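Just so you know, the protein sequences line up as chains A and B, in that order.
In short: position in the first sequence from 1, add 26, done, that's the working numbering.
In short: position in the second sequence from 1, add 571, done, that's the working numbering.
Calculated from the structure, these hints are not laboratory results.
As the structure is a computational prediction, the values presented were derived from the model and not from experiment.
Glycine included, every Cβ here is placed at the ideal spot set by N, Cα and C.
Some hints could be false.
[As the list claims (entries may be wrong)] Interface residues of chain A toward chain B, partial, derived using beta-carbon atoms under 8 angstroms:
{"no.": "1", "residue": "Arg66"}
{"no.": "2", "residue": "Ile69"}
{"no.": "3", "residue": "His118"}
{"no.": "4", "residue": "Pro446"}
{"no.": "5", "residue": "Ser456"}
{"no.": "6", "residue": "Glu457"}
{"no.": "7", "residue": "Glu460"}
{"no.": "8", "residue": "Ala468"}
{"no.": "9", "residue": "Gln470"}
{"no.": "10", "residue": "Ala471"}
{"no.": "11", "residue": "Lys501"}
[Stated by the list, open to error] Now the stretches of chain B that chain A is said to cover, found in silico as 3 or more residues with beta-carbon under 8 angstroms:
{"no.": "12", "region": "611 to 621"}
{"no.": "13", "region": "634 to 643"}
{"no.": "14", "region": "738 to 744"}
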Amino acid sequence: MSRKLFTCNGGVHPEGHKDASSGTPIVILPLLPRYVVPLRQHIGAPARALVRAGDAVLRGQMIGAAEGYVSTAAHAPTSGRVVAVEPHEVPHPSGLTDLCVVIESDGLDQAVEFQPLDWRNLDPSALRNRIRDLGLAGLGGAVFPSFIKLNPEGAGIDTLILNGAECEPWITCDDRLMRERAAEILQGVAVMRHMLGAREVLIGIEDNKPEALAAMRAAAAADVEVVAVPTLYPTGGGKQLTYILTGRETPTGGRSTDVGVQVFNVGTAYALHRAVALGEPMLSRVVTVTGHVAAPGNYEARLGTPITDLLLAAGGALPGSIGKLVGGPMMGFDLEDNAAPLTKAVNCIIVKHSSLFPAKPAVLPCIRCGACARACPADLQPFEMYWFARAKDFGKAQSYDLFDCIECGCCSFVCPSHIPLVDFFRFAKSEIWERERHKHDADQARARHEFKEFRLEREKQEKAEKLAAKVAENKARDAAAAAGVAETAADPEAERKKAILQAALDRAKKAREGVTPRNTENLPPAVEKQISEIEARRAESGAAQPETDPPRAES
Amino acid sequence: MFSAILVMAGIGLVLGGVLGWASIKFRVDDDPLVEKIDAILPQTQCGQCGFPGCKPYAEAIAKGEADINKCPPGGEEGVKHLAELLGVEPKPLGEGLEAKPKAVAVIDENMCIGCTLCIQACPVDAIVGAAKQMHVIVADQCTGCELCLPPCPVDCIHMEVIKEDVATWKWRYPIHMMKRVE
Ligand code: SF4
Ligand code: SF4
Ligand code: SF4
Ligand code: SF4
Numbered sequence: 027m028s029r030k031l032f033t034c035n036g037g038v039h040p041e042g043h044k045d046a047s048s049g050t051p052i053v054i055l056p057l058l059p060r061y062v063v064p065l066r067q068h069i070g071a072p073a074r075a076l077v078r079a080g081d082a083v084l085r086g087q088m089i090g091a092a093e094g095y096v097s098t099a100a101h102a103p104t105s106g107r108v109v110a111v112e113p114h115e116v117p118h119p120s121g122l123t124d125l126c127v128v129i130e131s132d133g134l135d136q137a138v139e140f141q142p143l144d145w146r147n148l149d150p151s152a153l154r155n156r157i158r159d160l161g162l163a164g165l166g167g168a169v170f171p172s173f174i175k176l177n178p179e180g181a182g183i184d185t186l187i188l189n190g191a192e193c194e195p196w197i198t199c200d201d202r203l204m205r206e207r208a209a210e211i212l213q214g215v216a217v218m219r220h221m222l223g224a225r226e227v228l229i230g231i232e233d234n235k236p237e238a239l240a241a242m243r244a245a246a247a248a249d250v251e252v253v254a255v256p257t258l259y260p261t262g263g264g265k266q267l268t269y270i271l272t273g274r275e276t277p278t279g280g281r282s283t284d285v286g287v288q289v290f291n292v293g294t295a296y297a298l299h300r301a302v303a304l305g306e307p308m309l310s311r312v313v314t315v316t317g318h319v320a321a322p323g324n325y326e327a328r329l330g331t332p333i334t335d336l337l338l339a340a341g342g343a344l345p346g347s348i349g350k351l352v353g354g355p356m357m358g359f360d361l362e363d364n365a366a367p368l369t370k371a372v373n374c375i376i377v378k379h380s381s382l383f384p385a386k387p388a389v390l391p392c393i394r395c396g397a398c399a400r401a402c403p404a405d406l407q408p409f410e411m412y413w414f415a416r417a418k419d420f421g422k423a424q425s426y427d428l429f430d431c432i433e434c435g436c437c438s439f440v441c442p443s444h445i446p447l448v449d450f451f452r453f454a455k456s457e458i459w460e461r462e463r464h465k466h467d468a469d470q471a472r473a474r475h476e477f478k479e480f481r482l483e484r485e486k487q488e489k490a491e492k493l494a495a496k497v498a499e500n501k502a503r504d505a506a507a508a509a510g511v512a513e514t515a516a517d518p519e520a521e522r523k524k525a526i527l528q529a530a531l532d533r534a535k536k537a538r539e540g541v542t543p544r545n546t547e548n549l550p551p552a553v554e555k556q557i558s559e560i561e562a563r564r565a566e567s568g569a570a571q572p573e574t575d576p577p578r579a580e581s
Numbered sequence: 572m573f574s575a576i577l578v579m580a581g582i583g584l585v586l587g588g589v590l591g592w593a594s595i596k597f598r599v600d601d602d603p604l605v606e607k608i609d610a611i612l613p614q615t616q617c618g619q620c621g622f623p624g625c626k627p628y629a630e631a632i633a634k635g636e637a638d639i640n641k642c643p644p645g646g647e648e649g650v651k652h653l654a655e656l657l658g659v660e661p662k663p664l665g666e667g668l669e670a671k672p673k674a675v676a677v678i679d680e681n682m683c684i685g686c687t688l689c690i691q692a693c694p695v696d697a698i699v700g701a702a703k704q705m706h707v708i709v710a711d712q713c714t715g716c717e718l719c720l721p722p723c724p725v726d727c728i729h730m731e732v733i734k735e736d737v738a739t740w741k742w743r744y745p746i747h748m749m750k751r752v753e
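Please build the complete structure, drawing on both the sequences and the hints.
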């Protein structure tokens with residue numbers, strides 16, 4: 027293999043700690059009594075719940091349907107009964123709750139009938155819809171709905187990259203998957219290639235995983251190239267791996283698809299294989315449980331498995347642990363609550379111990395040494411962005427391409443002043459997003475307000491027009507009457523028509539009054555009755571009198 | 572016969588009127604400063620600034636007839652932006668005005684009598700419902716202006732503060748210990 031590799035700027039060499047969990051085979055977790063399945067496990071709109079408390083479900087049954095375009099489905103991990111659809115702890119940096127389907131298993135683990143997909147012959151759009159309904163999302167951590175990334179339309183993708191770099195310390199779930207299930211991963215790759223029409227397929231794996239490289243090479247067909255890339259964090263970043271393997275630079279603010287490349291994680295390829303070959307929805311994933319636990323390793327657990335149970339499977343946290351990390355030490359976040367379940371996004375749980383994760387030293391002022399800029403794989407100026415983010419001058423921060431920051435943490439890692447730079451970038455980004463949301467809301471409100479004013483004005487005008495028409499009509503009638511009194515009076519047909527017209531006008535008038543009561547005067551007795559009934563209810567419940575007294579009926 | 576002609580003429584007049592009026596109303600505004608100020612105002616349309624909506628307040632600021640610190644929903648942040656735009660010093664919100672957390676109105680379904688009074692009051696048509704039917708507020712469209720509260724004859728509308736969720740949650744400003752440098 028003599029592919030010319032390109033070298034990214036920046037990057038760091040944090041300690042790997044991969045041996046802690048990479049030595050033992052993937053362990054499949056036994057069936058648990060209870061699962062908690064969040065409806066938002068992917069980027070985009072949460073799935074819409076299809077079940078209610080009390081419903082019986084089967085394994086693989088869709089319990090949440092994709093809502094809107096950027097969304098995907100959620101499924102029951104086993105058979106049993108839905109005990110609640112309610113907010114529950116989820117693995118999220120906020121520690122907030124989110125809507126989840128809580129399922130009590132019946133121990134039978136009965137499945138719905140899975141329908142394998144005839145992917146070679148199925149209409150592309152129908153195939154994508156099936157993949158959406160099977161709940162596939164990227165397992166590398168970004169959890170973007172896969173069916174969208176598998177749409178080649180307008181993208182002009184010629185290269186498919188499979189990301190097996192797994193550059194983040196501690197995490198080994200992709201490594202184990204490649205060692206143990208290389209053939210299945212490559213079958214998933216074949217489906218991806220077919221769907222995207224990609225000419226070239228490259229599989230990038232860091233050279234610290236020789237077993238995975240060997241297994242993938244042994245399983246790969248001649249037209250798939252397995253490439254060993256130098257171990258350097260963050261080689262597994264989509265844009266970074268694209269550049270290393272192809273030399274194509276993703277433009278600022280763009281995606282790898284802008285340069286004809288689509289990148290998928292190896293776990294996603296494996297899930298896609300199961301989806302097409304077995305018709306199985308995304309029901310489980312491999313997750314690394316490591317750090318200060320009795321039996322660190324990789325576990326294949328159903329989505330919705332409470333993290334407590336996952337930790338128990340790994341022998342439980344050892345004494346002296348100081349909390350848990352979700353994801354790796356570079357990009358992960360602290361887990362607030364062990365009750366949170368495993369989701370499609372969770373690739374690793376690290377139990378921390380002070381010897382492995384010492385307290386962060388105190389922060390010093392920035393000395394503008396430039397180390398952060400040299401370490402930044404996205405060629406940004408972290409110290410400039412930090413300066414403006416700290417001063418909450420978000421416009422300026424953005425002008426330094428803040429949104430090209432992949433939050434890899436290299437800058438914080440090298441900073442001699444121990445400044446948590448990436449925390450400031452996350453803070454600034456979410457402030458800017460909120461501003462965008464407010465701006466959008468304000469624009470909507472302005473348009474709606476202007477339309478309402480337009481509507482009121484139109485209604486006023488319409489009323490004036492009608493009045494004018496009526497006056498004109500009366501005048502015309504008077505004139506006609508004056509011109510030929512005898513004739514009109516004698517014509518019973520004309521009289522009849524006039525009566526019908528008058529009746530219609532009266533009806534219209536009544537109807538108008540009916541739909542737009544201007545105030546609470548002249549209310550029909552029924553409404554009066556309703557008001558007094560409500561008043562009575564209010565009085566009973568001890569509610570305060572309203573400030574505007576409802577008018578009493580005269581009669 | 573006569574009436575038929577008159578009705579047709581009437582319809583023609585109405586449509587002509589609507590078109591003519593719309594062309595005036597939806598014309599691009601002549602004053603770019605008013606537009607720029609209006610773009611900063613939150614469009615809550617609540618009238619707390621003492622003007623019948625955000626646009627009239629924007630016009631008053633542009634004419635120099637109103638101060639920039641009269642809009643509570645915009646908060647200090649809004650004042651800061653207006654100050655930047657107009658090249659003046661920012662100042663705290665005007666006396667007696669304070670920014671409240673963003674809320675939406677909710678109608679108590681059991682008490683609503685379907686009187687349509689709130690529909691008429693809502694500046695952004697965020698309330699749907701027909702006469703004598705239960706009314707519902709579309710939360711996404713409600714600006715939280717509270718204008719629908721006073722007209723309700725049975726007091727069945729209340730405000731609910733919008734809670735932060737996983738989608739709208741923001742990373743906090745990093746608080747870290749800064750070592751004193753002597
Ligand atoms: S590495 Fe730290 S001290 Fe050096 S320039 Fe960057 S932020 Fe400043
Ligand atoms: S976190 Fe952002 S700014 Fe820092 S090194 Fe990574 S990409 Fe560059
Ligand atoms: S106070 Fe602010 S939001 Fe309310 S109407 Fe005035 S400018 Fe608009
Ligand atoms: S529903 Fe009420 S609070 Fe909401 S925008 Fe309309 S009038 Fe204002």
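For this structure, which hints from the list above don't hold up? 2, 11, 13
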